Amino acid sequence: MSQSPLSQTSLKPRWVLAGLEFSSRLLMGTAGYPNQSAMLESLAASGCQIVTASLRRISLDAYQGSLVEVIGSHYKFLPNTAGCQTARDAVLTAELAREALDTNWIKLEVIGDRETLYPDAVELLSAAETLVKNGFTVLPYCTDDPILCRRLADLGCAAVMPLGSPIGSGQGINNPQAIERICATSEVPVILDAGIGTASDAALAMELGCSAVLLNSAVAKALSPVLMACAMRDAVAAGYAAARAGRISKKFYAEASSPQLGILGS
Amino acid sequence: MSQTKTPIRLRLNGADYDSDTGNLAELLIRQGLKLEQKGIAVAQNGKIVAKTRWSETLIRSGDELEILVAIQGG
Numbered sequence: 001m002s003q004s005p006l007s008q009t010s011l012k013p014r015w016v017l018a019g020l021e022f023s024s025r026l027l028m029g030t031a032g033y034p035n036q037s038a039m040l041e042s043l044a045a046s047g048c049q050i051v052t053a054s055l056r057r058i059s060l061d062a063y064q065g066s067l068v069e070v071i072g073s074h075y076k077f078l079p080n081t082a083g084c085q086t087a088r089d090a091v092l093t094a095e096l097a098r099e100a101l102d103t104n105w106i107k108l109e110v111i112g113d114r115e116t117l118y119p120d121a122v123e124l125l126s127a128a129e130t131l132v133k134n135g136f137t138v139l140p141y142c143t144d145d146p147i148l149c150r151r152l153a154d155l156g157c158a159a160v161m162p163l164g165s166p167i168g169s170g171q172g173i174n175n176p177q178a179i180e181r182i183c184a185t186s187e188v189p190v191i192l193d194a195g196i197g198t199a200s201d202a203a204l205a206m207e208l209g210c211s212a213v214l215l216n217s218a219v220a221k222a223l224s225p226v227l228m229a230c231a232m233r234d235a236v237a238a239g240y241a242a243a244r245a246g247r248i249s250k251k252f253y254a255e256a257s258s259p260q261l262g263i264l265g266s
Numbered sequence: 001m002s003q004t005k006t007p008i009r010l011r012l013n014g015a016d017y018d019s020d021t022g023n024l025a026e027l028l029i030r031q032g033l034k035l036e037q038k039g040i041a042v043a044q045n046g047k048i049v050a051k052t053r054w055s056e057t058l059i060r061s062g063d064e065l066e067i068l069v070a071i072q073g074g
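Heads up: the protein sequence lines correspond to chains A and B, in order.
The opening residue of the first sequence carries number 1 in this note's numbering; numbering runs sequentially from there.
The opening residue of the second sequence carries number 1 in this note's numbering; numbering runs sequentially from there.
Treat the hints as calculated values from the structure; they're not laboratory data.
In this text, all values refer to a predicted model and were calculated from it rather than measured experimentally.
Take the hints with a grain of salt, since some may be wrong.
Below, simulated EDC-like cross-link-like pairs (lysine to aspartate or glutamate); rule was C-alpha separation at most 16 Å, straight line [unchecked claim]:
1) B/38 to A/187
2) B/51 to B/26
3) B/38 to A/69
4) B/34 to A/154
Not the full set, but computed from the structure, chain B residues with beta-carbon under 10 Å of chain A [to be verified]:
5) 22
6) 33
7) 35
8) 71
Beyond 12 Å from chain A on every Cβ pair, some chain B residues (computed) [unchecked claim]:
9) 5
10) 25
11) 26
12) 60
13) 61
No residue lacks a Cβ here, since even glycine has one placed at the ideal position from N, Cα and C.
Could you build the full structure based on these sequences and the hints that come with them?
Next comes the structure, spelled out in structure tokens:
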């Protein structure tokens with residue numbers, strides 16, 4: 001018996017990342033919200049199940065508590081190595097994150113400089129290799145380079161996370177052809193990370209074939225973070241459904257959709 | 001007459017720090033941390049010190065300690 005179209009299109013399409021099943025394909029950052037309640041409400045509105053965190057030296061004068069105390073156990077933590085510029089620092093940060101958050105998942109970021117925040121591919125590959133060998137589930141933030149993505153997957157990374165455009169820029173996806181190519185050939189899930197500005201960017205990422213989208217500033221710095229979180233939730237779901245539905249081909253000229261026979265005056 | 005103990009000179013989170021205890025767990029408590037608290041990690045001279053070993057870990061002059069906490073991130 002064939003399935004009805006409705007039953008084929010679950011509203012919350014499940015997917016597997018590093019052996020765990022998730023119903024939301026939206027991963028959310030936790031930084032830069034106007035206040036704590038805006039963050040918590042936005043995370044809830046987004047429907048996300050995975051949230052990112054960073055590790056920083058505690059303030060010796062005024063310790064404010066950890067993110068775990070704020071967020072609790074509602075979400076799976078994905079700690080990052082944001083700000084690290086060498087493989088050595090990224091590996092140590094990952095080890096500290098594993099200890100602090102009791103997870104071997106790591107969003108591996110090794111940036112080349114603090115101005116562009118572009119990934120340093122050489123250091124990234126080196127850190128990824130070490131961390132995979134040390135038992136980490138490595139999710140590397142990388143450039144939109146199909147070859148680099150393949151090399152990261154070959155090293156044993158659980159996913160690849162190419163940027164849409166520079167971190168926090170809100171430029172959207174600057175090279176959709178590259179993202180589409182990565183998605184078409186990758187043997188691990190592709191998570192679009194960085195550069196998302198608005199809901200249509202997130203939908204496009206999914207239409208290009210991404211498994212999920214990770215974003216932060218687009219929601220945290222929106223005029224209404226909660227409303228934007230709802231928009232991102234729906235955009236990711238819509239983009240995923242559209243990718244599976246199959247878009248029509250583009251044509252050079254118009255093609256009438258109404259029947260052409262029997263038009264008055266013809 | 002009470003004896004004055006010589007403080008232990010450390011590098012703590014990248015800055016000089018004089019500790020009057022030689023025990024890691026005691027030092028953490030003096031920083032306002034609770035030992036059972038989640039989201040905290042410690043490295044001593046570049047190596048992670050597991051939570052289960054905090055109370056038995058000795059700190060010495062010249063040690064480099066890093067105490068990190070999970071915070072908001074993207």
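These are the hints, each one checked on the structure:
1. Taken as a hint, the residue 38 of chain B and residue 187 of chain A pair is broken in the structure, with Cα atoms around 35 Å apart against an allowance of 16 Å.
2. Straight-line distance between C-alpha atoms of residue 51 of chain B and residue 26 of chain B comes to about 13 Å, which keeps the hinted pair within the 16 Å bound.
3. Under the criterion of a C-alpha separation no larger than 16 Å, the hint pairing residue 38 of chain B with residue 69 of chain A is consistent with the structure, at around 7 Å.
4. For the hint pairing residue 34 of chain B with residue 154 of chain A, the CA-to-CA distance comes to about 42 Å; that exceeds 16 Å, so the pair is violated.
5. The interface hint given for residue 22 of chain B is violated, since its Cβ lies 18 Å from the closest Cβ of chain A, which is over the 10 Å cut-off.
6. Given hint, residue 33 of chain B at the interface with chain A, holds; its Cβ is 7 Å from that chain's nearest Cβ, closer than 10 Å.
7. Checking residue 35 of chain B against chain A: minimum C-beta separation of about 13 Å lies over 10 Å; hint violated.
8. Because the beta carbon of residue 71 of chain B sits about 5 Å from the nearest beta carbon in chain A, less than 10 Å, this interface hint is met.
9. Separation of residue 5 of chain B from chain A is adequate, the least Cβ-Cβ distance of about 21 Å exceeding the 12 Å criterion.
10. At roughly 15 Å from the closest C-beta of chain A, the C-beta of residue 25 of chain B stays outside 12 Å, upholding its exclusion from the interface.
11. For residue 26 of chain B, the non-interface assignment is confirmed: its Cβ lies about 15 Å from the closest Cβ of chain A, beyond the 12 Å cut-off.
12. Distance check on residue 60 of chain B: its Cβ is at least 19 Å (rounded) from any Cβ of chain A, clearing the 12 Å threshold; non-interface status holds.
13. Every C-beta of chain A lies more than 12 Å from that of residue 61 of chain B, the closest at about 19 Å, which supports listing it as non-interface.
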